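Participant: Put together the whole structure using the sequences plus the hints.
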Amino acid sequence: MASSSRAAIVKSVRWGLIGGAVSVYLAVVGIVQRFQSRDVIVGVIGIGRAVLAIVALAFGYLAARGQPHTPGEPESPRPESAATLVAGAVAGAVTGAVLGLFVLAASAVELRSVLVSVTEPLLDTLSFGQAATLGALLLTLLGAALGAVGAATHLLQRRVRAPLFAGVVGVLIFSLFSPLIRQVLFSLFVPTDLFYEGDGLTIAGTVIVFVAVAAMSMLWKSKGDAPRRRVESMAPQQRKLATFVVLAAVVGVLLYLPQILGIFLSEVLGTIGLFVLMGIGLNIVVGYAGLLDLGYVAFFAIGAYATGILTAPEGVGSLELSFWVAMPIVVAFSTICGVLIGAPVLRLRGDYLAIVTLGFGEIARIFVISNWAAPVTGGAQGILSIPDPTLGGFAFDDSQTIYYPILIACLIAAFISARLADSRVGRAWNAMREDESVAEAMGISIIRYKLLAFGMGAAIGSFGGQFFAAKIGSIFPASFNILVSIQVLSLIVLGGMGSIRGVIVGAAVLVGLPELLREFAEFRLLFYGAILVAIMLLRPQGLLPSERRKRELAVEGEEEEEQYEMRAGGEAGAPAVAGGAGDR
Amino acid sequence: MAVKSAVGEGTTTGIRGFRRALLRLPIRKIILVILSVVLLAGLVVGTRANLRAGIFTFEDYRSFAIDGISQGSLYAVIAVGYTLVYGILFLINFAHGEVFMAGAFTSFFMARTLSETGFLDRNPVVSVVILLIVSMVVSTITAVLLERIAYRRLRGAPRLIPLITAIGASLFLQNTFRGLYGAATRGYPIPQSLRGRWDIFGVPILKTQTLVIVGAAILMSGLFLFIERSKTGRAMRAVGEDKEIASLMGIDVDRVIVQTFAIGGMLAGAAGVLWAMVFQQVDFFMGFIPGIKAFTAAVLGGIGNIVGAALGGLLLGIFEALAPNLFIPPSVPSPNQLKDAIAFTILVLILIFRPGGILGSSEEEKA
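Those protein sequence lines, which keep their order, are chains A and B.
Numbers in my numbering are just positions in the first sequence, counted from 1, shifted up by 153.
Numbers in my numbering are just positions in the second sequence, counted from 1, shifted up by 42.
Hint data in this document are derived by calculation from the structure and do not stem from the laboratory.
The structure displayed is predicted, hence computed values, not measured ones.
Even glycine gets a Cβ: it sits at the ideal position worked out from N, Cα and C.
Take these hints with a grain of salt, some might be off.
Stated by the list, open to error - Coverage of chain A stretches by chain B, computed from C-beta distances (three or more under 8 Å per stretch; other residues unrestricted):
no.	segment
1	177 to 189
2	638 to 650
3	669 to 681
To be verified - From chain B, some residues computed to sit far from chain A (all C-beta separations above 12 Å):
no.	residue
4	231
5	246
6	257
7	357
Facilitator: Here it is as structure tokens:
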């Protein structure tokens, strides 16, 4: 018993040390201080401190996971309370103490000349404006308290835990997205002064939001099943109708959205739309066909530049075609480019293909920016004054109107993509992604289907570029760097490769979030990197995996573990194989 | 049905036979041949035009070539990190460029302190050694942490998953160091005695470039001996051959992999200081392009092969330095803007024509 409790303490301390490292990292990189400039709850807590508090809570929760259960009650899933609380408190205290040590060190030694973010205001934020020693002590105590609270969630029943959690998340969302929510409420004629002061929630607002969201969560818990059951009990005919009604409602909301959101947020919406479009395109290449394309920005650039060249009054030939006339030319051209780039490289193995496409993306960028191509592409100046698309005298000239063609393009692309996935072609891609040799043996022409995927991806990507050109009105080579490719890849990976819903959610999170949280924008790329790593490590299927992927990964996971254990050899090999066989 | 049609086609000639022959044409090979003929013709025409125009003298080309060798030896040292890791894990460690940046950027602060106290000019040799040590330690730690946190759990996963992780890690490291040290480009101080040129056999060479070439040569030969002679080197080769068998032979695979990352990181750190000495500036983005170039060098020489990395690095460096002013016809304005495109074009061509690299086999698919 003594040894097991010591092991538990060691485990908590270890979690605490990791938590401390995370907290110090957040402080040193500059996230804490940058975020602190906005309040979650006005006058109570800023985002920076809230982030640190969440770290302490989370590590308290993690440290208390898997505590020994109360003996004598084998059926009860509830763990022993004292041990749990202690584990959480220890982890939280260590987290706080590490941060406290950092505060002490930073106030003793001048770190600012090396670590640019370690400023006086940061230390003030961390030590609550107190002297360093007192601040460190406070951090430790607060850490312990938060860790214990985090651990205590294990003791609560699910019934209680879910609404509490929902309430906290609700408060965070209402506060972080205050510009969005204020704008929406304003458009719906709801007064917001009670809730908000500046960008943060007032105390009254916090209470209202918390209670409302928690209550809604409880209601959903108890009554949420009813509508689902009703839908399930419907006849197929009725069910189709219900799906249709829901879809129509979604489209209706989407159509009305710019009016609610106002000009600035419509701009954001349009940008999200562009990334959804590109995400759907790249999803065909990466998610369906399993070809990792890191040069996808090339097609985006081709679309944008081709549109610019064909429609702008300046530049080659000053063709001044209309946007809609240019569209098929651009798409056809881009598709041909995709096929031409694809043809020589598609024989390559996956990881080499990724690097080659990256090379193509860079070549495209360097070419576009060079003086050599300047007569055509405008070089570093880019192409200016691209006309707005017009339709029968109506000009899509601001963010609220250009949204509609983008939306329609997204819907068309999503429709095509969804139909393709379920078609013979989609199944061929699927087979190819899983095992090329086997697919080839089954009579699938690998090169043909790869080219098809590449061409489809290029076409949809150029669509994105085209609307980008029309939306911005002028294009510069700087807009087409490798980060665009990685951004699109990130949103697919976040949402779940091969899933269209995933693309939409990924775009909303990765593109929309930094626009709404301007404090966040500076750390956008850091966040992308972290997301790519974290998703691959923890949930390779993404947040909203497609049904097919879910099934595949469930099967694959077992096999892979088995294989890996075998490959790793050693003593783990034999039992793992035996266990795997026993499962079937 | 199938039998019947097969017999039918075997006997028919004329239009159908012609169509079948057309379908059987290796289209991909034809495209490749045309591509290579066009490229070669372009090369010859461009070079002739350049030499005729006589914008550059022999001395100019010689100094381009020396620039290329110095640059190429740096590519070679960084490329080792890619090659070693790929040889063992079949993982393109996309974040290796950031490992290089981490050491170079951190050593800047040491260099600044040394320069402010005047130590840098008084004891240039000791200073450079100190900088090398700082940079190598930081890069090694970064590389090892990278392996431990990001890659280890993915060892059995399908290949694209660790590659995506590596891309994420690259972005993450870049922006971490941006947050830590700031986004500004910093001027890297170098000792007074390393400014200017030396005349070596009548050829003037920048002192820093000499340092780079000599340093890289020492590092590469040291590494070669280490891999060939030491016990650890042998273990690494064994793991690269077959992890399972190696572990049965009593080799701790995890440890060998960590050592591989550490060695790659160490060399990247050393290359970082040398790089900073030549270009005299550092920033958080400095690792990205050199990283891709070094990967190109590794592929060019034959990935998984240390001599190949050295050869590939040198070739890429020289080619990059010479190509804009030798191969690209003078009618193209500002050819130096296209320098990076040349490196990427080489990468693409190598992978298309000879994915195994110069020293590797020419087989297209490797297990």
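Participant: Hint by hint, say whether it matches the structure.
Facilitator: Going down the list of hints, with the structure as the test:
1. 177 to 189: With 5 residues close enough to chain B, the hint holds.
2. 638 to 650: holds (count 4)
3. 669 to 681: That given contact holds, which follows from 4 residues of the segment 669 to 681 of chain A lying within Cβ reach (below 8 Å) of chain B.
4. 231: Consistent with the label, residue 231 of chain B stays out of reach of chain A, its closest Cβ about 15 Å off (over 12 Å).
5. 246: About 30 Å separates residue 246 of chain B from the closest Cβ of chain A, which puts it past 12 Å; holds.
6. 257: holds, 26 Å
7. 357: holds, 17 Å
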